[in-house]
Structures are given as structure tokens and as C-alpha cells.
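Take any residue in the sequence shown, note its place counting from 1, add 551, and you have its number in my numbering.
Keep in mind that the hints were calculated from the coordinates and are not lab data. Treat the hints with caution; some may be incorrect.
Below, a list of computed lysine-lysine pairs in the BS3-like style, where the Cα atoms sit at most 27 Å apart [stated by the list, open to error]:
#: 1; residue 1: 561; residue 2: 654
#: 2; residue 1: 611; residue 2: 675
#: 3; residue 1: 588; residue 2: 652
Pairwise CB distance ranges (calculated) [claimed, not checked]:
#: 4; residue 1: 556; residue 2: 638; range: 15 to 25 Å
#: 5; residue 1: 638; residue 2: 564; range: 18 to 28 Å
#: 6; residue 1: 674; residue 2: 594; range: 31 to 41 Å
#: 7; residue 1: 575; residue 2: 611; range: 31 to 41 Å
Computed from a prediction, not measured in an experiment: that's the story for all the values here. Ideal placement from N, C-alpha and C gives every residue a C-beta, glycine not left out.
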Amino acid sequence: MAELKTQPTKSSVTDFINTVSDEERRKDCKAVIKIMKEVTGAKPEMWGASIVGFGRHRYKYASGREGDWPVAAFSPRKNDLTLYFMPGFQDYEDLMSRLGKYKTGKSCLYLKRLADVDANVLRKLIEKSVDALADKRYR
552 MAELKTQPTK SSVTDFINTV SDEERRKDCK AVIKIMKEVT GAKPEMWGAS IVGFGRHRYK
612 YASGREGDWP VAAFSPRKND LTLYFMPGFQ DYEDLMSRLG KYKTGKSCLY LKRLADVDAN
672 VLRKLIEKSV DALADKRYR
């Protein structure tokens, strides 16, 4: 089975964040780093060239495919600040209804700006997502 391409690297998170050209997006990244660091208790590390991850957990799909992924992660993409929620959003309807302006994919939360959402609700979503992975977490 093929190994996941996105793996932890030794690249500097600070250097990566400093390459984000939009000042507001860079500030949003720093705010998300603070929240995810507090919630996970883990230091940020680069995963691949553009994902900042915190902690690690082991996942396994019904197909048998398995691998490692951050417990919490985000990436400052060109159009959105993308936050990764491995458990998805189906169990968080109440929080999602109070979050603010966003879009979702299966496990991704897309934000134009952090100012578009309620920071307390976002933190609670991150906490719930991290808690949902507690039994799969390591390191």
C-alpha cells in the first residue's frame, strides 16, 4: 500500500508562516497556532510543505489503509485558511450553527478570515475534535 505523501518534516513553522504574504492571514495563522498549541499541548511542526500540525494520531480506514496524521492541523491556502478536523463535523451541528461564516469539506473547515467566525466556538470545535481522537493519539 502506498505511503501517505504528507509526512512531518524538520522545516521551521515560523519560517513558513513568515512566507504568508497576506498580513491578515499571517496574523490568523499565529492565532490558530496559539489555540491549537493550547488545546493539544503539542508543539507545531510542518507536515509536508504547507500544513502545520500538532501532535499525532494513527488512523485506519475500513479499506485497511492506515497512516499517521496530526491531531489538529491547518494550512494557509491561497483562498482560505483551512483547518483539518479528522472526525468531521456531523456531531457538531450546534457549534457549527453558531460558528459564523465558513465552508466545509468532509474533514476541512474553510475560513476566509478568522474575524468571520466566533473564536470561542472555533476553539470549542478544535477541543471536541482533539478529544474525539484521544484513544488514537500518540507522541
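Hint-by-hint comparison with the structure:
1. 561 / 654: Violated, because 31 Å separates the two Cα atoms, which is more than 27 Å.
2. 611 / 675: 25 Å, holds
3. 588 / 652: 24 Å, holds
4. 556 / 638: 15 to 25 Å: 22 Å, holds
5. 638 / 564: 18 to 28 Å: 24 Å, holds
6. 674 / 594: 31 to 41 Å: Given about 18 Å between the Cβ atoms, the range is violated.
7. 575 / 611: 31 to 41 Å: 38 Å, holds
Violated hints, listed in ascending order, are 1 and 6; each of the other numbered hints is respected by the structure.
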